[in-house]
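Colleague: Please construct the entire structure, taking both the sequences and the accompanying hints into account.
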Amino acid sequence: MENFLKELNKQQYEAVVYFDSPVLVIAGAGSGKTRVLTYKIAYLISNKFKPSSILALTFTNKAANEMKERINKIIGQDVSKFLWMGTFHSVFARILRYESDNLGFTSDFTIYDTTDSRNLIKTILKELKLDEKTFKTSDVHSIISFSKNNLITPDKLLETYNYQDKQKQSELEKIAEIYKIYNNRCRKANAMDFDDLLINTYILFKNSQNILDKYQSKFQYILVDEYQDTNYVQYLILKELSKKHYNICVVGDDAQSIYSFRGAKIENILNFKNDYPNCKIFKLEQNYRSTQTIVNAANSIIKNNKGQIFKNVWSNNETGEKILITEHETDRDEGFYVANKIIDLIYTYRLKYSDFAILYRTNAQSRIFEETLRIKNIPYRIYGNISFYQRKEIKDALAYLRLIVNTSDDESLKRIINYPSRGIGDVTLEKIENYANSLQKPIWEVLEYQYLVYLGLNKSTINKIIDFKNMISNFQQLSKTTNAKQLAQHVFAESGILKDLYTSHSIEDKSRLENIEGLLNAIGEFVENNPENNQIGRYLQEVSLLTDMDDDKKTDNDVVTVMTVHSAKGLEFDVVFITGMEDNLFPSLSSKYNIQLLEEERRLFYVAVTRARKRVFITYSNNRFKWGKSEKSLPSKFLSEIDLRYIEWNQKNGFIKLKNNNEMFNNNKDVIDNDFIRKKTEKILKSSFNNINNDNTNFIPDNPEHIKEGMIVQHRMFGVGEVIVIEGESENKKARVYFPEIKQEKQLLLKFARLKIIDKKF
359 MENFLKELNK
369 QQYEAVVYFD
379 SPVLVIAGAG
389 SGKTRVLTYK
399 IAYLISNKFK
409 PSSILALTFT
419 NKAANEMKER
429 INKIIGQDVS
439 KFLWMGTFHS
449 VFARILRYES
459 DNLGFTSDFT
469 IYDTTDSRNL
479 IKTILKELKL
489 DEKTFKTSDV
499 HSIISFSKNN
509 LITPDKLLET
519 YNYQDKQKQS
529 ELEKIAEIYK
539 IYNNRCRKAN
549 AMDFDDLLIN
559 TYILFKNSQN
569 ILDKYQSKFQ
579 YILVDEYQDT
589 NYVQYLILKE
599 LSKKHYNICV
609 VGDDAQSIYS
619 FRGAKIENIL
629 NFKNDYPNCK
639 IFKLEQNYRS
649 TQTIVNAANS
659 IIKNNKGQIF
669 KNVWSNNETG
679 EKILITEHET
689 DRDEGFYVAN
699 KIIDLIYTYR
709 LKYSDFAILY
719 RTNAQSRIFE
729 ETLRIKNIPY
739 RIYGNISFYQ
749 RKEIKDALAY
759 LRLIVNTSDD
769 ESLKRIINYP
779 SRGIGDVTLE
789 KIENYANSLQ
799 KPIWEVLEYQ
809 YLVYLGLNKS
819 TINKIIDFKN
829 MISNFQQLSK
839 TTNAKQLAQH
849 VFAESGILKD
859 LYTSHSIEDK
869 SRLENIEGLL
879 NAIGEFVENN
889 PENNQIGRYL
899 QEVSLLTDMD
909 DDKKTDNDVV
919 TVMTVHSAKG
929 LEFDVVFITG
939 MEDNLFPSLS
949 SKYNIQLLEE
959 ERRLFYVAVT
969 RARKRVFITY
979 SNNRFKWGKS
989 EKSLPSKFLS
999 EIDLRYIEWN
1009 QKNGFIKLKN
1019 NNEMFNNNKD
1029 VIDNDFIRKK
1039 TEKILKSSFN
1049 NINNDNTNFI
1059 PDNPEHIKEG
1069 MIVQHRMFGV
1079 GEVIVIEGES
1089 ENKKARVYFP
1099 EIKQEKQLLL
1109 KFARLKIIDK
1119 KF
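Residue 616 in this note's numbering sits at position 258 of the sequence shown; the count goes up by one each step and never skips.
Simulated from the structure, these hints should not be mistaken for laboratory data.
Here the structure is a predicted model, which means the values were calculated and not measured.
Think of the CB as a built atom: it goes at the ideal place given N, C-alpha and C, for glycine as much as any other residue.
Possibly wrong hints are sitting among the right ones.
[To be verified] Subject to a maximum C-alpha distance of 20 Å in a straight line, what follows is the list of computed PhoX-like cross-link-like pairs (lysine-lysine):
no.	residue 1	residue 2
1	984	1092
2	868	753
3	950	984
4	1066	1114
5	480	564
6	734	710
7	789	827
8	680	699
9	1114	1092
10	750	857
11	524	546
12	426	439
13	494	538
14	601	576
15	487	532
16	950	1104
17	789	487
18	420	439
19	564	602
20	494	439
21	408	601
22	1091	1109
23	710	699
24	638	597
25	984	1091
26	1092	526
27	827	546
28	602	408
29	1092	1104
[Unchecked claim] Estimated spans, in silico, between C-beta atoms of each pair:
no.	residue 1	residue 2	range
30	812	473	58 to 68 Å
31	487	729	23 to 33 Å
32	860	1066	37 to 47 Å
33	863	566	24 to 34 Å
34	915	860	22 to 32 Å
35	571	437	22 to 32 Å
Modeller: Here it is, written out as structure tokens:
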């Protein structure tokens, strides 16, 4: 037996050495799934699998790099470098660059990130003269992204969502038009967005049996990390690639499937045994991270989900402290409690600030913690803010380098043609862009003297544009003979970027200059690590595939980590505060009447609890500021699901140790779970029907100003419903109302809704 296998426990060992059929490894939180994946790859290579025949897919570059480092230590870098290992997007981008001709792209295609995509959508909205309040850029982008990941083309979009509402249908038709133009513009710019890297790989394999055969034969063994996070397109590609050798091993935890909003489908892991009937299932159930109390409490939470693969996670670590749940009058009180508790624990147990994490459900909750941590002089870092590669000066600098590699990249050209300022105004650029679009050409191709004269531009402006084009052309020539760092230094100096930031005396520009220096350092590091292939095109391929999930969530600084639960997945801390545990916040309001969403919210809570090694503190407040006003809150229904043996509850009426669920509700009579709410709603609705005059001629609506959250109201068409939330102000005030008769939630503009109040107090 290989020496490295001695480090595995029995379940891990069995999962590593088995490869006679497809394998599903269900890995509980903190159970060593990365070790299993890493050692399985090393074991496959030691058992005569060529490294180049192994495909290993992850969701973050960080995870892929960690696995590569571990494999290097076991089998050596000379062998591991031939592995096809990386994120779905990076591996598929590699395939697409090899096969780009088959899709009508060139191998140097640009990869658009979210910002690039939204800028392009914003341009299209402007061209179509569409109201950006009705067609929000982010919403349109989300619909296009969701459609791509579910293989819904612009033409199929209208068939997929067939609205009865004429206005909704009209809006959808416009979105389908935007979607079609967006696709055409990407192709014209020789660019793919992140979703295209997946869908174009699927199209490539679907339309070319020869290419599919080539990669099916090449990849003799496929391994997938975090399989519960795969979407529909990823699932289909994996199914096709594994058909020939039938060697696939997927690792994941259905209890940590929390990304449905990104298109992830938990069904992929739940139904794996249906897709591969002779698969072997291994369960990694020993948690090496957390105390027994934390593990047992997490188990008691997740057991309430019906859609899951059962496992019994356990820990051999110390028993540990009970989870402390504390009630606070306001969210500000909650913030001060957390800050004071951190100080207390640091001095009592000699902990570091970096041992702590404050987790919350939504980014809006961060403000209170920022304020209270500052007041208490506690150093902190908030994650989820703008990443390094999304900062303006970095996007500007990279746009120069991207245009050098791909002159068809309109988004990069528009970004830098007048940065630093060259006297080429927005009106001029818009005129050139519209002309290029009318000819179905990239903007670069119409930056020629004859075209610019035809457009009626004055001589001074034409000269500035020609000078810009000549400068980029010179950079292109230089790129053929220099490495990425040498080129970048020359470009940033000659383009005027460095001079622009050097001559400014503002603190902000000094910081921007430091960021440009940081970018040059990153490019220099790339050159050092890639002596054989250190050209700018290769660097851009790597940096374009970084995602928000790759932001380094570790820091050398001794600071408290503040972040959403979604951002915390994959991380661990000694002490975790889970804050804002209130109904309609965690779980979210949108999950109130949707069992699938509610189960995902419960999985998110499970993820939060299992981030902790030693202590978990859960907080909630009775009053929380939302939309500028204080609102009453109820404790989260999830709190009642934690086994009472593992918690202590500090409430307004004193510190109590709970023995059973009935006692908890006796001590806190305001806690009402969603089933109770639903039954009470039905009861009110039933009694309300008796008081309703079904003759619509006598239907008299109430003043919209009198409609409040929690009321039971009647709508002429939809029947009786409950007002879930009121949003907006004055003329734009809207109500979200759930109507049990039609089992739908409707958003209604109150001034037109004509609602009649049936029951004033819920």
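Colleague: Does each hint hold? Answer for all of them.
Modeller: Cross-check of the supplied hints:
A hinted pair counts as satisfied when its Cα atoms are at most 20 Å apart, and residue 984 with residue 1092 qualifies at roughly 15 Å. For the proposed pair residue 868 and residue 753, the alpha carbon gap of about 17 Å is at most 20 Å, so the pair holds. Proposed proximity of residue 950 and residue 984 is supported: the alpha carbons are some 18 Å apart, at most 20 Å. For the hint pairing residue 1066 with residue 1114, the CA-to-CA distance comes to about 12 Å; that is within 20 Å, so the pair holds.
A threshold of 20 Å between alpha carbons decides the hint, and for residue 480 with residue 564 the separation of about 32 Å lies outside it, so the pair is violated. In summary, the hint linking residue 734 to residue 710 is supported, as the alpha carbons are separated by about 15 Å, within the 20 Å threshold. Only pairs whose Cα atoms come within 20 Å are accepted, and residue 789 paired with residue 827 is accepted, the gap being roughly 17 Å. Restraint check for residue 680 and residue 699: the C-alpha separation of about 16 Å stays at or below 20 Å, so the hint holds.
Distance hint between residue 1114 and residue 1092 is fulfilled; the C-alpha atoms sit about 15 Å from each other, no more than 20 Å. A distance of roughly 16 Å separates the Cα atoms of residue 750 and residue 857; the hinted pair therefore holds under the 20 Å criterion. Restraint check for residue 524 and residue 546: the C-alpha separation of about 33 Å exceeds 20 Å, so the hint is violated. Our distance criterion of 20 Å between C-alpha atoms is met by residue 426 and residue 439, whose separation comes to about 8 Å.
Annotation: proposed proximity of residue 494 to residue 538 holds, straight-line Cα distance about 17 Å (limit 20 Å). With a C-alpha separation of about 12 Å, the suggested pair residue 601 and residue 576 falls inside the 20 Å cut-off, and the hint holds. Annotation: proposed proximity of residue 487 to residue 532 holds, straight-line Cα distance about 11 Å (limit 20 Å). For the suggested pair residue 950 and residue 1104, the alpha carbons sit about 14 Å apart, so the restraint of at most 20 Å is met.
For the hint linking residue 789 to residue 487, the alpha-carbon distance of about 16 Å falls within 20 Å, and the restraint holds. Proximity of residue 420 to residue 439 is assessed by CA-CA distance (about 16 Å); at most 20 Å being required, the pair is judged to hold. As the CA atoms of residue 564 and residue 602 are separated by approximately 15 Å, the hinted pair is consistent with the 20 Å bound. At roughly 44 Å between alpha-carbon atoms, residue 494 and residue 439 are farther apart than 20 Å, so this suggested pair is violated.
Our distance criterion of 20 Å between C-alpha atoms is met by residue 408 and residue 601, whose separation comes to about 19 Å. As the CA atoms of residue 1091 and residue 1109 are separated by approximately 8 Å, the hinted pair is consistent with the 20 Å bound. Taking the CA atoms of residue 710 and residue 699, the gap is about 13 Å. The hint holds against a cut of 20 Å. Restraint check: the Cα-Cα separation between residue 638 and residue 597 comes to about 17 Å, which is no more than 20 Å; the hinted pair holds.
Straight-line distance between C-alpha atoms of residue 984 and residue 1091 comes to about 15 Å, which keeps the hinted pair within the 20 Å bound. Among the hinted pairs, residue 1092 with residue 526 is consistent with the structure: their alpha-carbon atoms are about 17 Å apart, no more than 20 Å. Taking the CA atoms of residue 827 and residue 546, the gap is near 19 Å; set against the 20 Å cutoff, the hint holds. Taken as a hint, the residue 602 and residue 408 pair is honoured in the structure, with Cα atoms around 17 Å apart against an allowance of 20 Å.
Under the criterion of a C-alpha separation no larger than 20 Å, the hint pairing residue 1092 with residue 1104 is consistent with the structure, at around 10 Å. Distance hint check for residue 812 and residue 473: the Cβ-Cβ separation is about 32 Å, which falls outside the suggested range of 58 to 68 Å. Checked against the hint of 23 to 33 Å, the pair residue 487 and residue 729 fails, with Cβ atoms roughly 43 Å apart. About 58 Å separates the C-beta atoms of residue 860 and residue 1066, a value inconsistent with the hinted range of 37 to 47 Å.
Evaluation of the 24 to 34 Å hint for residue 863 and residue 566 yields a failure: the beta carbon distance comes to about 58 Å. At about 28 Å, the beta-carbon gap between residue 915 and residue 860 stays in the expected band of 22 to 32 Å. Our hint of 22 to 32 Å for residue 571 and residue 437 holds, since their Cβ atoms are close to 27 Å apart.
Hint compliance for this structure: hints 5, 11, 20, 30, 31, 32 and 33 are not met, and every other hint is.
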